[in-house]
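> Just so you know, we're using the numbering used here here: the sequence shown kicks off at 40 and counts up by one.
Be aware that one or more of the hints could be misleading.
[Unchecked claim] Computed Cβ-Cβ distance ranges for the label pairs, DEER-style:
id: 1; residue 1: Trp52; residue 2: Thr136; range: 24 to 32 Å
id: 2; residue 1: Ser62; residue 2: Pro175; range: 17 to 25 Å
id: 3; residue 1: Phe120; residue 2: Ala146; range: 22 to 30 Å
id: 4; residue 1: Lys112; residue 2: Phe82; range: 44 to 52 Å
Calculated directly from the structure, the hints in this document are not laboratory data.
Heads up, the beta-carbon is just placed ideally off N, CA and C, and yes, glycines get one too.
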Amino acid sequence: MSAVRAFINGITWLNDHVGRWVSYLVFAMFAFLILEVFLRYVFGAPTVWTNELTQMLFGVYGVLAGGYVMAHKGHVNVDLFHSALPVRVRAGLDVITSAVFFIFVGALLYFGSSMALESIESLETSYSAWNPPVWPIKACIPLGALLLLLQGLAKLLQDLGVAFNLIDPSEIKTLGDEEEDHL
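Could you build the full structure based on these sequences and the hints that come with them?
Set out below in structure tokens:
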């Protein structure tokens with residue numbers, strides 16, 4: 040069980056750190072948009088690249104943050120009945136419903152990889168006036184899907200452990216719980 044625990048902790052650590060680094064893109068996007076507003080309205084000289092670059096950064100931010108959000112239990116969840124169930128029953132239900140998650144993320148990984156590979160092979164650009172390369176951005180899609188898939192696998196293993204009484208539910212702390220302890 041210690042190897043499984045190490046896997047779960049390792050994947051969660053990886054997604055936590057990737058998410059924290061990716062979060063700094065918000066500041067870059069903010070700076071670029073402020074720059075665009077300043078140049079447009081103060082100097083009357085708008086740029087051709089700031090809006091497109093901001094959209095590209097937001098795309099990277101969106102796809103690479105999925106595993107982090109899942110590790111912090113931040114994805115939208117309809118839990119009208121789910122939260123009222125006992126912990127082990129919830130874990131069992133999560134094991135069953137994880138099939139939908141894995142189908143979605145598997146499709147995202149498969150089709151995202153195909154799209155990214157095609158984009159990399161052709162060194163695809165945006166074909167705009169600025170014309171930056173978009174293949175690095177598209178390469179982030181399968182990477183983000185892989186990080187999300189790994190975090191989903193870590194959650195599935197944790198849920199299996201709880202559902203089959205291999206893990207004591209009181210031992211499980213989410214990253215959000217740890218942060219609250221430090222406040």
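> All hints are to be evaluated individually against the structure, with a verdict given for each.
Evaluation of the provided hints:
1. Between tryptophan 52 and threonine 136 the beta carbons are some 25 Å apart, a value that agrees with the proposed interval 24 to 32 Å.
2. Under the hint 17 to 25 Å, the C-beta atoms of serine 62 and proline 175, about 19 Å apart, fit the expected range.
3. Between phenylalanine 120 and alanine 146 the C-beta distance comes to about 27 Å, which sits within the given range of 22 to 30 Å.
4. For lysine 112 and phenylalanine 82, the hinted distance range of 44 to 52 Å is satisfied, since their beta carbons lie about 46 Å from each other.
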